[in-house]
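2 protein chains.
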Amino acid sequence: MRMLATAACLSLLAAAAFADPLPSWNAGETKSAIIGFVEAVTDPASDEYVTPADRIAVFDNDGTLWSEQPAYFQLFFAIDHVKKMDESQLTSDALKAAAAGDMKALMATGEQGLLEVLAASHTGMSVAAFKDSVASWLDMAVHPTTGMRYDAMVYQPMLELLSFLRDEGFATYIVSGGGIDFIRVFSGGAYNIPVSQVVGSSLVSDYVVENGTPMLMKTPDLFFLDDKAGKPVAINHHIGKRPIFAAGNSDGDFQMLEWTTSGEAPSFGLYVHHTDDDREWAYDREGHIGVLNRGLDDGPERGWYFADMAKDWAVIWPAE
Amino acid sequence: MRMLATAACLSLLAAAAFADPLPSWNAGETKSAIIGFVEAVTDPASDEYVTPADRIAVFDNDGTLWSEQPAYFQLFFAIDHVKKMDESQLTSDALKAAAAGDMKALMATGEQGLLEVLAASHTGMSVAAFKDSVASWLDMAVHPTTGMRYDAMVYQPMLELLSFLRDEGFATYIVSGGGIDFIRVFSGGAYNIPVSQVVGSSLVSDYVVENGTPMLMKTPDLFFLDDKAGKPVAINHHIGKRPIFAAGNSDGDFQMLEWTTSGEAPSFGLYVHHTDDDREWAYDREGHIGVLNRGLDDGPERGWYFADMAKDWAVIWPAE
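Protein sequence lines, in the order shown, are assigned to chains H and X.
Position one of the first sequence corresponds to residue 1 (the working numbering), numbered consecutively onward.
Position one of the second sequence corresponds to residue 1 (the working numbering), numbered consecutively onward.
Keep in mind the hints are simulated off the structure, nothing from the lab.
Treat the hints with caution; some may be incorrect.
Calculated cross-link-like contacts (lysine-lysine; reagent style DSS-like; alpha-carbon spacing at most 25 Å) [as the list claims (entries may be wrong)]:
(1) Lys241(H) / Lys241(X)
(2) Lys131(H) / Lys241(X)
(3) Lys84(H) / Lys96(H)
No experiment lies behind these values; they were computed from the predicted model shown.
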């Protein structure tokens with residue numbers, strides 16, 4: 001009986017030792033580099049060992065953990081919100097274009113127009129009411145070209161990477177240009193990342209007490225834009241430590257990868273490269289979002305790795 | 001042998017069951033209420049049960065976790081920094097007063113003067129250099145009247161409360177009007193609170209790359225004042241959930257306690273009341289810091305508890 005139990009234990013251990021922590025990643029340089037890095041920083045006998053408290057990993061969201069085409073999903077949320085507004089509330093060309101679902105006309109109204117659409121859906125309500133509105137939308141809305149739920153368009157290989165890092169003692173954070181209150185609605189369900197580990201852009205919130213009930217009200221004023229050089233600033237503000245692992249997909253993530261890989265500890269910089277026009281979208285140096293120029297030019301000499309979606313990923317979304 | 005081991009286990013369990021989690025708190029209404037609350041929210045059979053992920057506890061720092069008299073310890077840090085500056089750098093009355101250690105003259109320069117002294121010690125350097133400067137100061141400086149290290153003037157009963165809450169599955173956060181980068185230097189050593197769970201006031205940081213080396217530079221511009229109505233806003237920004245336990249000592253903490261105790265979940269509001277002029281300092285309704293008026297007036301009817309330092313605390317600082 002004891003021998004049988006011992007044999008069962010050994011076989012479990014062997015299975016664990018040989019189990020592939022990243023089954024949706026094809027064999028190749030990037031997969032090997034990720035696994036090698038994690039093994040080195042978690043091996044107490046290694047020169048590269050990093051104590052668990054310092055194993056901080058940061059991930060961009062749009063285009064890194066879930067898709068971002070043909071427009072940021074948060075913009076679709078905003079447009080869907082405007083579509084439900086009364087005609088009398090559609091007081092600008094941008095709001096009218098959004099309500100008509102005319103993306104071309106909306107884009108023609110420029111940044112100011114987009115801000116109007118975002119303001120209509122994101123402000124003048126409490127944080128709690130906003131989150132309820134996002135949750136209802138996520139439950140009903142589908143992506144215009146795939147017909148999938150938006151939160152089903154997360155990348156299976158990145159879900160495996162997040163789990164692998166957490167299994168190895170890392171704390172995983174989202175550091176996104178998207179809205180912090182928006183992402184917190186699905187960060188737990190989609191990524192198993194608690195709301196306290198979501199960093200993002202945000203509007204100014206006001207604390208108001210109405211009839212004895214305190215509320216946090218969302219105002220139209222920008223509090224913090226968590227993009228480019230803002231990302232290291234927000235990382236310091238929220239986390240208070242320099243990460244040792246960073247993943248992004250655009251030049252908006254360049255400074256986050258730069259900051260992460262400039263410390264004294266061993267570190268890893270990863271770019272998700274959108275190369276797969278058959279299964280997802282192919283884009284990098286040109287386009288209206290997710291532009292990746294400097295990362296492609298300077299990343300390799302900085303020792304950063306690229307996940308070539310067509311080559312490195314056996315699966316894109318979990319449903320496949 | 002097996003019976004002996006079982007007996008040893010049972011006796012350990014019994015000891016744990018009867019061990020007082022708050023040995024430095026005298027028996028009384030407040031101690032009983034704290035223990036009763038924690039037992040209720042952690043008992044799966046209780047109507048008041050709160051899932052571990054929602055057990056968030058927030059603590060003010062100055063006057064709640066450590067002393068704050070005769071002035072905020074962060075101000076002593078700033079003054080000690082100015083004392084080491086060259087005379088040619090003392091370009092204002094406030095800086096001259098600080099360098100001379102003349103608190104009365106410094107206070108006479110008003111808020112503007114204090115900001116000048118803070119700017120001299122807190123800005124124009126990287127976050128990393130600032131933290132080094134705070135760490136060196138903490139290792140050398142002593143309090144002007146007690147002669148103790150500043151980080152030895154933490155409250156033993158509150159250390160026990162932090163540990164008790166964590167043992168019962170709470171995440172403990174500092175939510176302070178003091179500087180986030182300042183507090184993070186000692187939050188781990190003094191309170192066993194990781195830097196990611198420190199929320200505080202902050203200056204704008206700039207991300208700059210000099211000769212290929214990225215740095216976060218502290219500027220003189222205020223980014224966020226984490227006081228009064230700012231505390232619930234910062235709690236939402238950093239933690240993303242409403243706490244169920246909040247402790248403070250002044251009207252600057254009123255909104256934090258109000259927000260914490262206005263949710264649907266069971267909650268606890270605690271005010272540390274400085275009543276002990278023999279062992280610490282006695283102050284509440286009047287004074288230049290730590291003013292507690294509204295809390296004393298409205299706290300009782302809101303069901304908040306008061307830790308009367310003279311009556312409820314057997315010990316103030318750990319060294320006693």
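Evaluated hints:
1. Lys241(H) / Lys241(X): 22 Å, holds
2. Lys131(H) / Lys241(X): Given that 25 Å is the threshold and the Cα spacing comes to 12 Å, the pair holds.
3. Lys84(H) / Lys96(H): Given pair lysine 84(H), lysine 96(H) holds - Cα atoms ~12 Å apart, limit 25 Å.
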